[in-house]
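Novice: Per the UniProt record's numbering, the very first residue in the sequence shown carries number 1; after that it's consecutive.
Calculated directly from the structure, the hints in this document are not laboratory data. A couple of the hints might just be wrong.
Computed list of lysine-lysine pairs in DSSO-like fashion (alpha-carbon distance at most 30 Å, straight line) [said to hold, decoys possible]: (1) K216 to K248; (2) K101 to K34; (3) K238 to K248; (4) K238 to K216; (5) K188 to K216; (6) K22 to K34; (7) K137 to K216; (8) K101 to K22; (9) K250 to K238; (10) K216 to K250; (11) K188 to K250; (12) K188 to K22; (13) K137 to K22.
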Amino acid sequence: MICYLAIVVDDEPYAASNLAHKLDLTGKVQVVEKFDAALDAIDYLDATEQRIHFVFCDIVMEGMRGTDAVRLFRERADCVILYTGKPQYSMDGESHLADAKLPKSVTQAELNETIENLINPRNPTAPVRIPTYINIKAIPSTKEDIDHTDRDIRIAIADLVYVERAGNYVHFSALNQQGQIVLTGRLKTSIAALYREYESTNLFLYVNASQLVHVKFIIDHLKDGVTVPGWVFSISAKGRPYYRRYLKRKGLDG
Numbered sequence: 001m002i003c004y005l006a007i008v009v010d011d012e013p014y015a016a017s018n019l020a021h022k023l024d025l026t027g028k029v030q031v032v033e034k035f036d037a038a039l040d041a042i043d044y045l046d047a048t049e050q051r052i053h054f055v056f057c058d059i060v061m062e063g064m065r066g067t068d069a070v071r072l073f074r075e076r077a078d079c080v081i082l083y084t085g086k087p088q089y090s091m092d093g094e095s096h097l098a099d100a101k102l103p104k105s106v107t108q109a110e111l112n113e114t115i116e117n118l119i120n121p122r123n124p125t126a127p128v129r130i131p132t133y134i135n136i137k138a139i140p141s142t143k144e145d146i147d148h149t150d151r152d153i154r155i156a157i158a159d160l161v162y163v164e165r166a167g168n169y170v171h172f173s174a175l176n177q178q179g180q181i182v183l184t185g186r187l188k189t190s191i192a193a194l195y196r197e198y199e200s201t202n203l204f205l206y207v208n209a210s211q212l213v214h215v216k217f218i219i220d221h222l223k224d225g226v227t228v229p230g231w232v233f234s235i236s237a238k239g240r241p242y243y244r245r246y247l248k249r250k251g252l253d254g
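Work out the full structure: start from the sequences and follow the hints.
Specialist: Given below as structure tokens:
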């Protein structure tokens, strides 16, 4: 459900593809690019507008070694993980700056555990704190889209404003370029389960068992003190003190 973005750096294509496949099976991490050289990966990180959460880098490569690229990666991504088939090289260079080290023979269970430790919201030292994307199922907006109702889309959490329960699903709504609310996608989950995933990030506020609302939306409403026509959620004068207390308790009252 939550989507963390990663790149893999390895001059062995099979090893890179194998790791990317295992990361996909975690259900948490999506590999957006693979590189065979550290400098190419650094150029990509400098150019991309996406926030990259994980860099998985082989230790022994032609050109710049993974252990010597760690500091450069740390300046550009949340988390750096070194992996190698030769453990004797794991202490070279600045490998102590890596957030984790894995053998290339890592099992799926070991990889799952490593990822969970790095994103665990209950761990104050976890390097990856806030996911910026979520994977949802697209909802068709035209007749041509009807055959693609199960199409996966990745949407920036910052673009979401409202989440509402609809039977066994939750529906996600976002703003379009005209500032109108648009039904964007859905997931088969519950409001409570979704909120548990996001509570520690302070991205969404729990309205009730049927609604979550993005923090920025509520803050804007409190600041303007108005109800925007066309919105499926609004804050009444009676409800504003409640949300002010809620935001203050969360440390979000500005």
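Novice: For each hint, tell me whether it holds in the structure or not.
Specialist: The hints, checked one at a time:
no.	hint	result
1	K216 to K248	holds (14 Å)
2	K101 to K34	holds (18 Å)
3	K238 to K248	holds (17 Å)
4	K238 to K216	holds (20 Å)
5	K188 to K216	holds (25 Å)
6	K22 to K34	holds (14 Å)
7	K137 to K216	holds (24 Å)
8	K101 to K22	holds (16 Å)
9	K250 to K238	holds (20 Å)
10	K216 to K250	holds (13 Å)
11	K188 to K250	holds (28 Å)
12	K188 to K22	holds (24 Å)
13	K137 to K22	holds (22 Å)
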